[in-house]
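Visitor: Listed below, chain by chain, are the residues.
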Amino acid sequence: MKKLLNNKNTRSNLVIYLVVTVFFLVMQGMNMGGMLTSSWKGFLVPICVYISLAVSLNLLVGICGELSLGHAGFMGIGAFAGIVVAALLQDAVALEPLRLFIAMIVGGVLAGAAGFLIGIPVLRLRGDYLAIVTLAFGEILKNIVGNLYVGLDAEGVHVSATSAKFTLLEGGKMILDGPVGATGIKKLATFPMGFVLVLITLFVVLNLVNSKEGRAIKAVRDNRIAAESVGINVTAFRMKAFVVSAFLAGMAGALFGLNYSSMAASKFNFNTSINILVFVVLGGMGNILGSVISATVLYVLPEALRSLEDYRMILYAVVLILVMLFTWSPRVKEFVSVVTDKISGIFKKKEVETNG
Amino acid sequence: MADYPRKVIQVPTYNLFREQDAGKQPVLDVRNLGIDFGGLTAVDSFNITLGPTEISGLIGPNGAGKTTIFNLLTGVYQPTRGSVLVNGIDIKGMPVHKVNKLGIARTFQNIRLFSEMTALDNVKVGMHNEIRCSFLASLLRLPSYYRAEAAANMKAMELLDFMGLADVADQKAGSLPYGVQRRLEIVRALATNPSVILLDEPAAGMNPSETTELMHQIRRIRDTFHIAIFLIEHDMNLVMNVCEAIAVVNYGKIIAKGTPEEIRSNPAVIEAYLGKEDND
Chain A
0 MKKLLNNKNT RSNLVIYLVV TVFFLVMQGM NMGGMLTSSW KGFLVPICVY
50 ISLAVSLNLL VGICGELSLG HAGFMGIGAF AGIVVAALLQ DAVALEPLRL
100 FIAMIVGGVL AGAAGFLIGI PVLRLRGDYL AIVTLAFGEI LKNIVGNLYV
150 GLDAEGVHVS ATSAKFTLLE GGKMILDGPV GATGIKKLAT FPMGFVLVLI
200 TLFVVLNLVN SKEGRAIKAV RDNRIAAESV GINVTAFRMK AFVVSAFLAG
250 MAGALFGLNY SSMAASKFNF NTSINILVFV VLGGMGNILG SVISATVLYV
300 LPEALRSLED YRMILYAVVL ILVMLFTWSP RVKEFVSVVT DKISGIFKKK
350 EVETNG
Chain B
0 MADYPRKVIQ VPTYNLFREQ DAGKQPVLDV RNLGIDFGGL TAVDSFNITL
50 GPTEISGLIG PNGAGKTTIF NLLTGVYQPT RGSVLVNGID IKGMPVHKVN
100 KLGIARTFQN IRLFSEMTAL DNVKVGMHNE IRCSFLASLL RLPSYYRAEA
150 AANMKAMELL DFMGLADVAD QKAGSLPYGV QRRLEIVRAL ATNPSVILLD
200 EPAAGMNPSE TTELMHQIRR IRDTFHIAIF LIEHDMNLVM NVCEAIAVVN
250 YGKIIAKGTP EEIRSNPAVI EAYLGKEDND
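Here the protein sequences line up with chains A and B, keeping their order. Just so it is clear: in the first sequence, position 327 is 326 by numbering that gives the first Met the number 0, and no numbers are missing. Just so it is clear: in the second sequence, position 256 is 255 by numbering that gives the first Met the number 0, and no numbers are missing.
The following block holds chain A by itself, in its conformation from the complex:
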């Protein structure tokens, strides 16, 4: 155990799990104690969803080094798959958390499958070209789910891509209604489930990063030609990262879809993809804890500033610029490193004293 704790990777992973768990316990405690306003209560599940989205996108952008602008598309697939599955299983699976979990898994698997299919043509590209094409595919996914009609009646499930001739028997229920989206969704999402989602995401991404596969993915990012020359199948590993990332986004999407009573496909547009990317960039490329923190703060910030009305987006922008300066400007970085060196110097001295 001691050996495990001495490992740098294991230690930094434990810190991440610890931060997330403490945050969950505090929020859950406040929630149970009735200390949260209703708007704050509403933030809890989306925070978990966005943390999960940011971490999974970080796997692709930070660790694999591929810029993807279609993350919201996978989220949308997951959301609508989750909504449909949850509606279909309404009677079959009585236990709500289980139904939600099944919906999330199905959402994840479908999004992962979509990721695989899209990955075949898209992963032939690199850099800016890949970004542009993923953007297009993200929009395509959004439009596909936005034009699906799914209904359930006594005859079974009906699926169609057009509203024409789409009629249900009496007593039938419309689950997805094309561009209108899903309405009358039974809210299943809970904060603890959100926490579970975050844990699953962290578990998958962190374990992947510190393994043979993760090293190969990072090698492809750092130097593709060298990675090939040491026997790494570059395409296969880019695909693995892409599919895992899409799977996690799908799971998060399913939770997101089942957190509201109605959901339209237009939610999963380019803007959402960019927002998630902003979380990743500000948290630091490849920095998982950074993604967790920035997703939380940047999701809450605009919502918390709502009272400022027109000024809130200006303030949001200013915060983004400041964070960028703090993380990327060489001068500010130098200043920060001097300060942290001093602080860690104090700690090191203490350590020496206690050891000696």
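Be careful, since some hints might not be right.
The calculated PhoX-like cross-link candidates involving lysine-lysine, where the alpha carbons are at most 25 Å apart (straight line), are [as the list claims (entries may be wrong)]:
(1) B:171 x B:6
(2) B:171 x B:154
(3) B:171 x A:7
(4) B:171 x A:341
(5) B:171 x A:332
(6) B:154 x A:7
I should point out that these hints are in silico values taken from the structure, not numbers from a laboratory. A quick note: this is a predicted structure, and the numbers were derived from the prediction, not measured.
With the hints as your guide, set chain B onto chain A.
Guide: Just chain B now, with coordinates in the frame of chain A:
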């Protein structure tokens, strides 16, 4: 894929092979290799056979096509003509990573390390195909993951130590000094368990003492791992001292082959390097 008769090295036919390589299959057997880029013939009728424990050099003036030949041997370029056999298997049409699995590893003229990763991780990436641990096992952190990682760490450290790099194992590859980066690239190539290793200007940017050290290390690699080494180098001191056989290329063609002594006095080589003497 064309069927080639299995070839073994016969000592009397060519005096360059080491005696211990006699009767064995060559690790690298290149036949009539050529590549055109558009109308330009970059490499033509290139023939070479490498014994399993041979140290050979490839020299020639700048732009002679040496690195292009390395790229052909490792599958980066597909040849227009001819074939490359690694351990008796034709690499035609294979992707680069599969060619590596056949037993050919390389370093690069302009260093290509995984600069954001530690030196140790660079070596472990080289061991990628050797680490036996499934995707699921590493995802779920099963005992087999820890076993495989521990074994990989140990072997990677041994390899680093072999080249005198154990001290820098935890440093980022990109932050290491130039000479160290060159040696780390060799370690990474060795980690893929190759039967032949191609070094593209291993001494470039090294000072004389580092170069001397490198010469010892190249011999030590061959003697320890019993593999063949094929190197491109401009440092004639290194080439003449380390290589047992040398091929000289100019304009994509071999103009001379032989032992260092033969090459040194070969008029065609002198002409390629120094130009033709004016006869008036």
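Visitor: State for each hint whether it applies.
Guide: These are the hints, each one checked on the structure:
1. B:171 x B:6: Roughly 44 Å separates the two Cα atoms, so the pair is violated.
2. B:171 x B:154: Judged against 25 Å, a Cα distance of about 19 Å means the pair holds.
3. B:171 x A:7: holds, 14 Å
4. B:171 x A:341: The given pair, whose Cα atoms are some 23 Å apart, holds under the 25 Å limit.
5. B:171 x A:332: Judged against 25 Å, a Cα distance of about 19 Å means the pair holds.
6. B:154 x A:7: holds, 20 Å
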